[in-house]
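> Those protein sequences? They're chains S and W, same order as listed.
The numbering of the first sequence is my numbering, which starts it at 1 and goes up by one.
The numbering of the second sequence is my numbering, which starts it at 1 and goes up by one.
FYI, nobody ran anything at the bench for these hints, they're computed from the structure.
Ideal placement from N, C-alpha and C gives every residue a C-beta, glycine not left out.
Among the hints, a few may not be true.
Stated by the list, open to error - To give a feel for the contact side, a few chain S residues facing chain W, derived at Cβ under 8 Å:
#1 255
#2 256
#3 281
As the list claims (entries may be wrong) - If you want a taste of the chain S side facing chain W, the calculated C-beta under 7 Å gives, among others:
#4 85
#5 86
#6 280
#7 283
As the list claims (entries may be wrong) - Taking CB as the label site, the calculated pair distances span:
#8 S/175 x W/83: 24 to 30 Å
#9 W/41 x S/228: 31 to 37 Å
#10 S/183 x W/5: 23 to 29 Å
#11 W/85 x S/93: 49 to 55 Å
#12 W/61 x S/268: 34 to 40 Å
#13 W/83 x S/268: 29 to 35 Å
There are 2 protein chains.
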Amino acid sequence: MKNIEDFKKKAKNWFKILRNKICSDIESIERNSKSSNQIFKKKKWYRNNKDNKSGGGEMALLRGEVFEKAGVNISTVYGNLSKELVGKIPGTEKNPSFWASGISLVIHPKSPSIPAVHMNTRFIVTEKFWFGGGADITPINKKSKASINLAKLFHNSLKKVCENYKKGSYQKYKKWCDDYFYLPHRKETRGLGGIFYDNLNSGNWERDFDFTKNVGDNFIETYKEIVKLSIKTPCTQKDFSMQLERRSRYTEFNLLYDRGTKFGLLTNGNIEAIFMSLPPSASW
Amino acid sequence: MKNIEDFKKKAKNWFKILRNKICSDIESIERNSKSSNQIFKKKKWYRNNKDNKSGGGEMALLRGEVFEKAGVNISTVYGNLSKELVGKIPGTEKNPSFWASGISLVIHPKSPSIPAVHMNTRFIVTEKFWFGGGADITPINKKSKASINLAKLFHNSLKKVCENYKKGSYQKYKKWCDDYFYLPHRKETRGLGGIFYDNLNSGNWERDFDFTKNVGDNFIETYKEIVKLSIKTPCTQKDFSMQLERRSRYTEFNLLYDRGTKFGLLTNGNIEAIFMSLPPSASW
């Protein structure tokens, strides 16, 4: 692991670069399409008290006219895992120390015609090291032709990124995503899927890093295209009711099943950052 | 356990009588104070398919002008516990068979001045048998003088019921409630408390049954009084924002921690009935 400090630095820097790009692109859509001057409000947090001894992160939250709620978090946390988690994460069987850096984003647009999206990539270091992440799309009306077409565009762009990295990886990561974002009590998926990958270490760090960078870059470029294609589609009252329902199920998934939420709550994470993924409205 | 079939029948009948009384009282408040003709819509469900071989229940849901969402469920379910639950419930160490009957109610009023409430009582039979239940109040503004006074009225009525049953029981059941309805990630209670009891079997079934009946009767009489005292209190926009926040935390508690929700999801319960407790709106 002679290069590990270099890897950490490069990964951490990248997540911040990507965060800045995403925030700037989202703000620019707000400004150009609705003359909204809403910008991301950033807020730093630390895992312990007010110092940086075990890391922390920076939240960025925008509540706008196009994007009713968009949260983009970056964090770099480190220390020793709590007893509940030791051994459950690869490379911590003999040594509880960990280092994790990543970006996590959820966007809930105001218009039910624009799909909600989630993207997260991370680099984890224990006695092993690997990348993980994914991106998935949640149109409000999962069955409409327009939604299915937007999802196809999203999937095809991910397929290109995956297949460029490794032949056959797309099918594997797509299935992983469908299996993960599933609500057993509803017998339905959270949205229309995307990709999910974890424990990625091919032995060529630069290549794996490039893949993770491409997932992020591709995500924001494709989402901008999706917003452009759907922002002018008119919505009915029924679409807004359906949005409330879809958002409720999004909440059910995140609170009942999501690993990231559970990990955050168990590691004494920042509540505001953890719950940034939850929708701006829901109804049961 | 020679009288057990008689006990089951009496308990099950009582929960239905109480359900009918509560629904009728809630409908009458709707009619008299807002000229609303909303009534409870009832819906039967069965645990397995469409037959009654392992029991089921009846939901009753009203979406009204005073009570934005009021759900009153009764159910009687029986059979063998799933592997995950065997041994975790008293009297199932050697025998997985169980029988459970109960009533469960959650009311989310439209006005932020009227507190939300929850009440649940149940009779469980395994190789042992016992009562359980409780009632708790969730005013929107937990710190306002009006809320504190309404909560006092609620607590005092419960105290009377408990102390009539057994000296000292109120403090015990009150603490149990405060400990149970707690959100560790927020470091706050769900509402302003009430009582919570479980595994209640004093050796005198009739007495324990009377106590459980009194909890139910007292609940609805006291809540009617609370509604009368708060229904005319004017609300500001800030109160409605606070209501959304309180409801979001109610959702967090129910999805992250509530035993009843987890039990329901693990025993393949009816999703509509389980989630009837969730609020009609929430925002993050």
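> Given a cut of 7 Å on the nearest C-beta pair, is the interface hint for residue 283 of chain S held or broken against chain W?
5 Å, holds
> For the hint on residue 86 of chain S, just tell me whether its beta-carbon gets within less than 7 Å of chain W.
21 Å, violated
> Are residue 281 of chain S and chain W close enough, Cβ to Cβ, to be under 8 Å, as the hint says?
Holds, about 5 Å.
> Go ahead and decide if the range 31 to 37 Å is satisfied by the Cβ distance of residue 41 of chain W to residue 228 of chain S.
About 43 Å separates the Cβ atoms of residue 41 of chain W and residue 228 of chain S, which means 31 to 37 Å is violated.
> Tell me if the interface restraint on residue 280 of chain S is satisfied: Cβ within less than 7 Å of some Cβ in chain W.
Since chain W brings a Cβ to about 6 Å from residue 280 of chain S, closer than 7 Å, the hint holds.
> Using 8 Å as the Cβ threshold, decide whether residue 256 of chain S counts as touching chain W.
With a minimum Cβ separation of about 5 Å from chain W (threshold 8 Å), the hint on residue 256 of chain S holds.
> Under 7 Å is the threshold here; is the Cβ of residue 85 of chain S close enough to any Cβ of chain W for the hint to stand?
16 Å, violated
> Do residue 83 of chain W and residue 268 of chain S keep their Cβ atoms within the hinted range of 29 to 35 Å?
32 Å, holds
> Just tell me: holds or violated, for the beta carbon distance of residue 85 of chain W and residue 93 of chain S against 49 to 55 Å?
With Cβ atoms ~31 Å apart, the hint is violated.
> Should the hint that residue 175 of chain S and residue 83 of chain W are 24 to 30 Å apart at their CB atoms be regarded as holding?
About 28 Å separates the Cβ atoms of residue 175 of chain S and residue 83 of chain W, which means 24 to 30 Å holds.
> Next item in the hint list is residue 255 of chain S. Is there a CB on chain W closer than 8 Å to its CB?
4 Å, holds
> Taking the Cβ atom of residue 61 of chain W and the Cβ atom of residue 268 of chain S, is their distance within the range 34 to 40 Å?
Since residue 61 of chain W and residue 268 of chain S have Cβ atoms about 38 Å apart, the given range 34 to 40 Å holds.
Hints 4, 5, 9, 10, 11 from the list above are not met by this structure, while the remaining hints are.
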